[in-house]
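Peer 1: As a plain string of letters, each chain reads:
Number of protein chains: 2
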Amino acid sequence: MNIAVLLFDDFETLDVYGPVEVFGRLSDLYTIKFYSLNGGQIENRHGVSALTEKLEDIKEDLEIFIVPGGMGTRKEVENKLLIDKIKEIATFSKFVLTVCTGSSLLARTGLLDNKTATSNKRAFAWVVTNGANVNWNEKARWTIDDKYYTSSGVSAGIDMTLGFISDRHGIDFARRIAVEIEYNWTEDKDNDTFKVE
Amino acid sequence: MNIAVLLFDDFETLDVYGPVEVFGRLSDLYTIKFYSLNGGQIENRHGVSALTEKLEDIKEDLEIFIVPGGMGTRKEVENKLLIDKIKEIATFSKFVLTVCTGSSLLARTGLLDNKTATSNKRAFAWVVTNGANVNWNEKARWTIDDKYYTSSGVSAGIDMTLGFISDRHGIDFARRIAVEIEYNWTEDKDNDTFKVE
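Heads up: the sequence lines are chains C and W, in that order.
Under numbering that gives the first Met the number 0, the first residue of the first sequence is numbered 0, with each subsequent residue one higher.
Under numbering that gives the first Met the number 0, the first residue of the second sequence is numbered 0, with each subsequent residue one higher.
If you are wondering where the hints come from, they were derived from the structure by calculation, not from laboratory data.
Wrong hints could be hidden among the right ones.
Derived CB-CB ranges, DEER-like [unchecked claim]:
#1 C:Phe-91 - W:Met-70: 32 to 42 Å
#2 C:Ile-170 - W:Gly-109: 36 to 46 Å
#3 W:Phe-172 - C:Thr-90: 40 to 50 Å
#4 W:Gly-109 - C:Trp-125: 48 to 58 Å
All residues carry an ideal CB built from backbone N, CA and C; glycine is no exception.
Kindly generate the complete structure, drawing on both the sequences and the hints.
Peer 2: Printed below as a string of structure tokens:
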């Protein structure tokens, strides 16, 4: 399956590279590419820089679209060009996965209306303002509704990705990857140990 | 404190970006830069590319040197130019942190001789061949000996980095970062739940 990861300035490092680590271990099954609105080098406040292609180069046979969070989302929710592009890609993509405040960007497209979603527990009050008609779940570690997977903050993206792998390939397969990366996987998606304050 | 992260082709994604996420949250205290032997764009099999400066540009006032693991280490342990450079930088750096099979590279410099270190539990048998005089600890999640921190596989690098933060700034401070990234921190460095098979 081909994967497109959205990047924008001030994306959250682990929101991106947690899922990339998990999918990247299955390189015979998944191919990962990075994209941004205008292509080129994208940077964040952690000193990370990554080379991207243009979002418009994503083809309609896309299978997985990953939307990370991070401080950059506060600005990007107002970026109509980006939101329109996310809507277009999320519509044809077979699955859409958001991590942390990435669900604020997806909510802005309207595609999460009347669907269940979650986000970072510490940014929850702000995230919900981006989608009045979304069924925001403040208890979940991650949620699944139709083709949309949304996860809680940062490292929850790793848990959700392992959950996605489990849904496609079985739980034993997902558990083996967790052991390979020596990660203590939180398997229960419905009850996050981190709470909205 | 300034941080230099070593990159080489086929580094392990999360070995790098796990610690970067943790230190990156403390941008008023830590500044992160990425380096490789020859500088330029470095890539790995997860489709990740990162821009680097040259290792020779690292100055002697370096405070933290991070050495990740990954499949690339199998080749790089034989790269004398790189091992010599790692030895030079690790010698003047105030602290050296290795993740996963990154300890194989540091072991090759001889600087871990008669010191305690650990590594990925699934690659342990190979890693120990790179340092006959190292006190390899196969039970630890991470180890500290003198200025050298070494951690077990992939996500253990996040645990070790939180441990390093705890050693510098106190455990409450480190726990607060773990909550911010919604990460279930394994605080016990001595007893890894993942075992050498």
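Peer 1: Taking 36 to 46 Å as the stated bounds, is the beta-carbon spacing between Ile-170 of chain C and Gly-109 of chain W within them?
Peer 2: holds, 44 Å
Peer 1: Holds or violated: the 48 to 58 Å window for the beta-carbon distance between Gly-109 of chain W and Trp-125 of chain C?
Peer 2: holds, 51 Å
Peer 1: Evaluate the given range 32 to 42 Å for the C-beta pair formed by Phe-91 of chain C and Met-70 of chain W.
Peer 2: holds, 34 Å
Peer 1: For the range 40 to 50 Å, tell me whether the beta carbons of Phe-172 of chain W and Thr-90 of chain C fit it or not.
Peer 2: holds, 44 Å
Violated hints for the displayed structure: none, as all numbered hints are satisfied.
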